[in-house]
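Visitor: Residues per chain, in single letters:
Protein chains: 2
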Amino acid sequence: MKKKLVYLLSAITLSSVSLPAFSADAPIRWKLAETWPKGLPIYSEGTHEFAERVKELSDGRLIITIDSANKHKAPLGIFDFVKSGQYEMGHSASYYWKGKDVNTLFFTTMPFGMITAERFAWYYYGGGAELAQKVYGQYGITQYPGGNGGNQMGGWFKKEINSLEDIKSLKMRIPGFAGEVMAKVGATVVNIPPGELYTALERNTIDSLEWVEPAMDLRMGFHKIAPYYYTSWHEPGSGLQYMVNDKAFNELPKDLQSILKTAMKESAFEISTRMTHEHSENWEKIKQEYPNIEIKTFPPEVMDALKAANQELIADLEAQGGLTAEIIQSQREYLRKVRNWTSISDKAYLNN
Amino acid sequence: MKKKLVYLLSAITLSSVSLPAFSADAPIRWKLAETWPKGLPIYSEGTHEFAERVKELSDGRLIITIDSANKHKAPLGIFDFVKSGQYEMGHSASYYWKGKDVNTLFFTTMPFGMITAERFAWYYYGGGAELAQKVYGQYGITQYPGGNGGNQMGGWFKKEINSLEDIKSLKMRIPGFAGEVMAKVGATVVNIPPGELYTALERNTIDSLEWVEPAMDLRMGFHKIAPYYYTSWHEPGSGLQYMVNDKAFNELPKDLQSILKTAMKESAFEISTRMTHEHSENWEKIKQEYPNIEIKTFPPEVMDALKAANQELIADLEAQGGLTAEIIQSQREYLRKVRNWTSISDKAYLNN
Chain A
1 MKKKLVYLLS
11 AITLSSVSLP
21 AFSADAPIRW
31 KLAETWPKGL
41 PIYSEGTHEF
51 AERVKELSDG
61 RLIITIDSAN
71 KHKAPLGIFD
81 FVKSGQYEMG
91 HSASYYWKGK
101 DVNTLFFTTM
111 PFGMITAERF
121 AWYYYGGGAE
131 LAQKVYGQYG
141 ITQYPGGNGG
151 NQMGGWFKKE
161 INSLEDIKSL
171 KMRIPGFAGE
181 VMAKVGATVV
191 NIPPGELYTA
201 LERNTIDSLE
211 WVEPAMDLRM
221 GFHKIAPYYY
231 TSWHEPGSGL
241 QYMVNDKAFN
251 ELPKDLQSIL
261 KTAMKESAFE
271 ISTRMTHEHS
281 ENWEKIKQEY
291 PNIEIKTFPP
301 EVMDALKAAN
311 QELIADLEAQ
321 GGLTAEIIQS
331 QREYLRKVRN
341 WTSISDKAYL
351 NN
Chain B
1 MKKKLVYLLS
11 AITLSSVSLP
21 AFSADAPIRW
31 KLAETWPKGL
41 PIYSEGTHEF
51 AERVKELSDG
61 RLIITIDSAN
71 KHKAPLGIFD
81 FVKSGQYEMG
91 HSASYYWKGK
101 DVNTLFFTTM
111 PFGMITAERF
121 AWYYYGGGAE
131 LAQKVYGQYG
141 ITQYPGGNGG
151 NQMGGWFKKE
161 INSLEDIKSL
171 KMRIPGFAGE
181 VMAKVGATVV
191 NIPPGELYTA
201 LERNTIDSLE
211 WVEPAMDLRM
221 GFHKIAPYYY
231 TSWHEPGSGL
241 QYMVNDKAFN
251 ELPKDLQSIL
261 KTAMKESAFE
271 ISTRMTHEHS
281 ENWEKIKQEY
291 PNIEIKTFPP
301 EVMDALKAAN
311 QELIADLEAQ
321 GGLTAEIIQS
331 QREYLRKVRN
341 WTSISDKAYL
351 NN
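Protein chains in written order, with my numbering: chain A, 1 to 352; chain B, 1 to 352.
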């Protein structure tokens, strides 16, 4: 009888009540690697809130622990971590993987490209997600928007830029594709590790640098030694990304897949919105503490040269054809249409 | 022994395995009433996607059915439906409840106020949610952002507005607080049901009307009979809302509460993003079909008069003190700071 009871209990547990394999006793455990140092405001805080939300939504059935750069020691190793499955997820920025696959470049931000709301619209409704799938699917990864840092400032400058000649005598720290554009118009582009930037600027090793925006710039202190803060041209809405290993994702029960995707989308929205808030708060603080900081915009001559250089570099990429050309054409056509709308709505309103 | 077995089984079912009361066999069923007619693109589609997401995330444990205006026959009865608990949830816009409580006015959009990204930042990080709680909490309701329609166009006009005199001879359909502002500068403001608007404009019963934006305007056909499309001043980022009955919410298990809140946030993000996309697509279509439509902006004289009238009306409200003054002051101070940021970022970039 005892045996029968055990059998019955086991039958109940395994079939008739049909408790799922992922019961509260045995949560599924995932690891997420992020590019950011532990506790980096907004970015790393955002991923931790995301993990907390997944836990809440799944009632503890999916637990995601986060390793920051301090732990895994490879801030630019996130793509490989997720590809190999060493980490089920990552949080980073797509353009860091340009060296592995040039087509990843387009999913962060592009000089003279889309602003935040325009980029989200392209991604979710204008074909962006499908193109990202074509790029990342080859590596067994799906990438999702992971927030947007907003319109990045053009950088901190120790001297004013009044002509193209001034650019040609400029030593600037500006990484990535925007750095290529700047180099093409004649600037000396250097790369200096973040920890050495302040000293380099102070000692005139460089004349200027691009960092992020007020939310991140305030703690770096550049405003104390470089009085000109230039407006944006190069990163008009810098998208972050979540990456998920496809094999791990496919092994999740359907509702946990849905929970993961929804929590990533919420996180993308929260990080973007919080960036707007923090930029606003920090710009206020910078202005109060350093009222002599001047907001500057490159003169038309410089802007035109940067646009031309950017178009040439894009044309070189487009000439490669294939998926690269497909992405460039999709973004160009979407930008044309959506900017027509932005121009008669937010732009016209802000100019009134 | 049989009795004991039954007892054991019952103990297992009720306590040791602790199957929750909301098992798949007995889902919790909620009803949502929306202001919109059935199938209204983006808005009603958005609420249906929201309900679908809640079902997915909860693995069928929370089922929300939606009644559109066609069914409940009270598009402006949503507040009362949710307050009484007749519906657990609603989707609408806060400024429709101004007649019940003037403080609800501020949670949609205000003339010369915040654009979409600024409003979300104020709501989530700048004190907006707490103020909404003070307003709606009195009625046993919590309100959440339910998407944003973006920067509304100033309307379709049959004749150009070149001076304040032109406004004074204008008959315009423009509802709500913006209508009060328009009336204060001398326009004849009339209210006409949506179904009669086209005919009224065609027959010169009115000279102009404010509707929404390209995504919604295209199907109304106003562009066929009024060639001037004016840019925005009056609704720079129209927020929609979800309302939830507090008592019903508090009876939900913790994880379903979390699922509901996250799904509403995702929906707010999706509806806003989709609006950007649809405006862009529809504006393109309007331009192609009717290339003679002209985008116009009121001359400075008119804009200044509208700003002054708006400030006077706001000052009257602020003089009431209490929560009304608190909300007005919170929005004014937040707008000042966040617009400083928008000006040096997106605005400067768009003007380059």
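Take these hints with a grain of salt, some might be off.
[Unchecked claim] Okay, the calculated bits of chain B under chain A, using three or more residues with CB under 8 Å as the criterion: (1) 73-83; (2) 88-100; (3) 123-135; (4) 228-234; (5) 255-264; (6) 342-348.
Derived from the structure by calculation, the hints contain no laboratory data.
Because the structure is a prediction, the values reported are computed rather than measured.
Glycine included, each C-beta is placed from N, C-alpha and C at the ideal position.
Visitor: What hints, given by number in increasing order, does this structure fail?
Guide: 1 and 2
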